[in-house]
Amino acid sequence: MNIWRIAVKELMMFRDVKMLVFMLATPVLLMLIMGSLLSSAFNGSVAVGDIRVLYSDHSEDGSIGADWELWLRQSGTENMVFEKFEGSDAEAMEGVRDGSYSGYAALNPSGFHYYGNSRSSIENSMVSGILSAFADRYKLSIAGAEPELESMVPGSYVKETRLKGSHMPAAMDYFAVAVTTMIILYSAATAGNLIDSERTRNTAIRLLASPISKGEIFVGKIVGTMVLNAGFIAMIMLISKYMYDANWGDNLPMVWLVLLSEIAFALSLGLGISYIVKGKASGIVIMTIIQLACFFGGSYYRIEDNGDFVSMLAPYSPLTWSNEALMDLIYGGETGAAITASALNLGVAAAMLLISAVMMRRREGL
Amino acid sequence: MREREIRPENWSIIFKLVMLLYVTGSVYVSESGLTNWYTAAILLYISMELFSHIMRSATLQRAGAAASILFIITLSYELNPMLALLIPVNLHRLAGPLLRHPAPILLLMMAPILLLPKELYASYGLTASISYLFLTVLSAYTDKSKAYRSTLEAMREEQYRLKKQLHESMEHRRQSEYMFKLEERNRLSQEIHDRIGHSMTGALIQMEAAKRLYATDAARSAELLQNAIHISKEGIEQIRQVLKSMKPLKEQLGINRMRLLADEFAATHEMETQLTYEGNLDRIEPLHWHIIQQNVTEALTNTVKYAEATAVSIHIQVLHTMIKASVSDNGTGASKVIKGLGMIGMEERTAAVGGKVIVDGSKGFAVTMLIPLASA
Amino acid sequence: MNVLQLKKLTKKYGEFAAVDQLTLAVQEGEIFGLLGANGAGKSTTINMIASLIPITKGEIELLGKNIAKNGKFAKSNIGIVPQELAIYEDMTAYENVRFFAGLYGLRGPELKRRAEEALAFTGLSDKHRSYPRDFSGGMKRRLNIACAIAHRPKLIIMDEPTVGIDPHSRNYILNSVRKLNEMGSTIIYTSHYMEEVEELCTRIAILDHGKVIAEGTKAQLKSIITDQKEIRIDVRSATGLDTRKLSEIAGVRTVTVNDEQNSVSISTDAEVNILNRIIQGLMAADIEIRSVEESQPSLETVFLTLTGRSLRDS
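Protein chains in written order, with our numbering: chain A, 1388 to 1753; chain B, 1399 to 1774; chain C, 11 to 324.
It should be emphasised that the hints constitute simulated quantities derived from the structure, not laboratory data.
Here are some chain C residues pointing at chain B (derived, C-beta under 10 Å): (1) GLY24; (2) ALA27; (3) VAL222; (4) THR236; (5) ASP237; (6) THR315.
27 Å max Cα-Cα, derived DSSO-like pairs, lysine-lysine: (7) C/LYS67 / B/LYS1561; (8) C/LYS122 / C/LYS82; (9) A/LYS1601 / C/LYS82; (10) B/LYS1414 / B/LYS1544; (11) B/LYS1544 / C/LYS67; (12) C/LYS75 / C/LYS18; (13) C/LYS79 / C/LYS18; (14) C/LYS67 / B/LYS1562; (15) A/LYS1601 / C/LYS75; (16) C/LYS164 / C/LYS82; (17) A/LYS1601 / C/LYS79; (18) B/LYS1561 / C/LYS18; (19) C/LYS22 / B/LYS1703; (20) C/LYS18 / C/LYS67; (21) C/LYS17 / C/LYS164; (22) C/LYS67 / B/LYS1734; (23) C/LYS228 / C/LYS164; (24) C/LYS22 / A/LYS1665; (25) C/LYS122 / A/LYS1601; (26) B/LYS1703 / B/LYS1761; (27) C/LYS18 / C/LYS228; (28) A/LYS1405 / C/LYS137; (29) A/LYS1601 / C/LYS164; (30) C/LYS22 / C/LYS79; (31) C/LYS164 / C/LYS150; (32) C/LYS22 / C/LYS67; (33) C/LYS67 / B/LYS1737; (34) B/LYS1544 / B/LYS1561; (35) C/LYS22 / B/LYS1561; (36) C/LYS122 / C/LYS164; (37) B/LYS1703 / B/LYS1737; (38) B/LYS1737 / C/LYS18; (39) A/LYS1405 / C/LYS150; (40) C/LYS67 / C/LYS79.
For glycine and all other residues, C-beta sits at the position ideal for the given N, C-alpha and C.
Take these sequences, add in the hints, and give me the full structure.
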């Protein structure tokens, strides 16, 4: 009950105009600006070479290859280039491994094997989307694997995917996701202030003097902010979906799970750092982390998987996990990456919350 | 004084961490490598471990350990059998406190080996044995050090109590010695006074008689007068003696003694020393003077030791229901004064008559005694 | 009955004792003043009473119960008005009071009624829906009080509730402190303004370096310094004044006439009030009075004498 009261009090923050502007107007505007200004980066002409995929025809009579080419022409995959490859599988895989190709599709009458470079997971999901659509048509099964760079061992699972809608993100679609995840990460900054604000307003004194426990205050505040942020994010999602017609895919519950786990991640990250780093320095640390994560996580532009400095660091940004998981989910219907990303987010969140809880118990005051 | 504490809890955490690093390293070089799943699982495992370490109640701790084991078993089954190496540590934690003899734990810790693939037999056996040895020794050490600590604690308490008792009784002895002296002096002066009174009365009676006989028997009268003169002379001598014996008492007590103290201090320490007073000093009782003197001496000693001062002033002020005596110097002072033994002594002495001692370090050191006074 | 009893209360930070074996009792119905310079240990003591910081040694009993063992009970029966404003600027006055009162377990209509009462009590009824960011300093202070009293605590601790506000709000606050007291709350009051303490408090303790150095009613504290007061009367001409008549008035101790300055100085017992009779005596002697000035030690003097520092400049 007390937790509920504190949570409700936190929710009242939504009347704060500054907060409203930041949480709603900023992302909506950002999506609009980035989605329209940077749309050229997503146009076919530039995207040629973006996704280069090798394929080989293993059918006796080459019928699959012919069907495949026909299918490609019909479906109009403008920014993907499929090149026929005549050499052995090993040579093709070498090309994938060194990054010159995003993947290699081996077309067998019995099923398709797709070997993707693990660094280009967004591309992989797009290609496998196309493959599965093709396979669907030809009643073939498709076996996909994402081998490690070091060991190209085909995976053990077979997947069947059906795709509706567009197979690749337009600028607006991409930034709808990227800006949303970025805005979520920014809530780490407010979370860093969560307990501190009670201290600077002196209301911490009142809270501690009242007959409720520190734990209740702590949990109540987290739950309140969590709900508040979830509300904002839901609104941002709806706005981008219906105003900008951004693609959020069909599996909305899974998309939600990833976003919610990221909210939990961001909040506990901010909170944890505000406990670990003393005073004002914590704000700076949190902002630095957010900025780096945004930059390397592809919030401002799409990170090309070309092996340069930025793309090397990209996998370490927490935003990359969530962004890639969401892309997989929306364009590939893949839930595997989404579950992993959510687990990772929640794992870090749990660790950070534990640290904060321990530090809080040791401290005099909040 | 404070010995470095070795906390067994921390050691067992470090041991677990080492194990975890070993397993992670082995998994890293193994075929499957580090996957996201693995990282997430390890993070969760660390959280669970921390949880069970944070919990205060033993039941929750044990529940946490049990949960860790189940989790690890699941992981080693699902992700990588290497993770099974983490089982023995947790088993020990879970079963250790329950079993009286350590031997069965070893069996218990070894048991999971049967479920593992053959390649892991050796590593598991090694880890289990090392875990068993380390944790058993650690827990033996813990028990022993716990016992030692509680004995030590008890001894310390006893020592403190005795010390305090000794201190109190010494203080008491000193006070009573002094009171005895005072009483003795009172008694003496009373006696002398009585005797002088007695002889004066004798002389008076003789003179009265001489006056009556003056007309009738001049010779007898003269004799009586001579007698009276004799007695009076004796009386004067006695008065002189009394005065003489009173004199040191006056010097020993009160403001004169303080003056002496201040002069002495100024002479020996080359410090400008000032003694001032206001109000009716006669209202200060001997016992109060005694306490003030001792405290002032103590405060002056502190000034010499710590203050780096060039001047010190002693001020005694008799208010209506309180005596305020303060010693202040122009030295470095201290923003936060930490009480030493001398200060505690001052406090105790002053508290014996219901007074307070305040030490302020904001503008040099200032020791102020406030002693309540029965209102006049 | 003792509402609050501190027994050898000690708070140490490392080796430094911020509060040093402090023993104090506050009785029911008192407005108890705590006087002390910055760093004297007032706030630390208050924080321990309000369970904001742990106690190093000693005990605090609230209504006869040890607060360390009865945390919830103690917290429920204490209302604290912190020195600094402790309100949410982004919630309305009513929401503020309601939120804080709700933490004390008040529910539903009862909660609503109590919150409204507290606002009415502090004269903020018409500001119900306003946000504190639009309030004047005095109104914020009043809201600060309203947030502490809605749950009707037995003991209200007010830490400098009148710092930096206009005279109107200040009077309002002083009056509401009296009213709260009349309504049955015991109050602990600290202030830098000696006049406030002198005017309000029934009993006062002077703290210095974590210790109580004097404690009692105003009269008791003043009598530490002296038991007499001085009356100085300027007259047109003091010549021919018979001082014997004045000396005979009961309570008069000494009478001195200063012919050059044409003034009469009379010292009397502190506790008697005989100014009327002295003036009557002078008038009977046909002496024209120009001005009368009565001086007796103020609490400020007591504080200054005992601690060697003035309360204000510390």
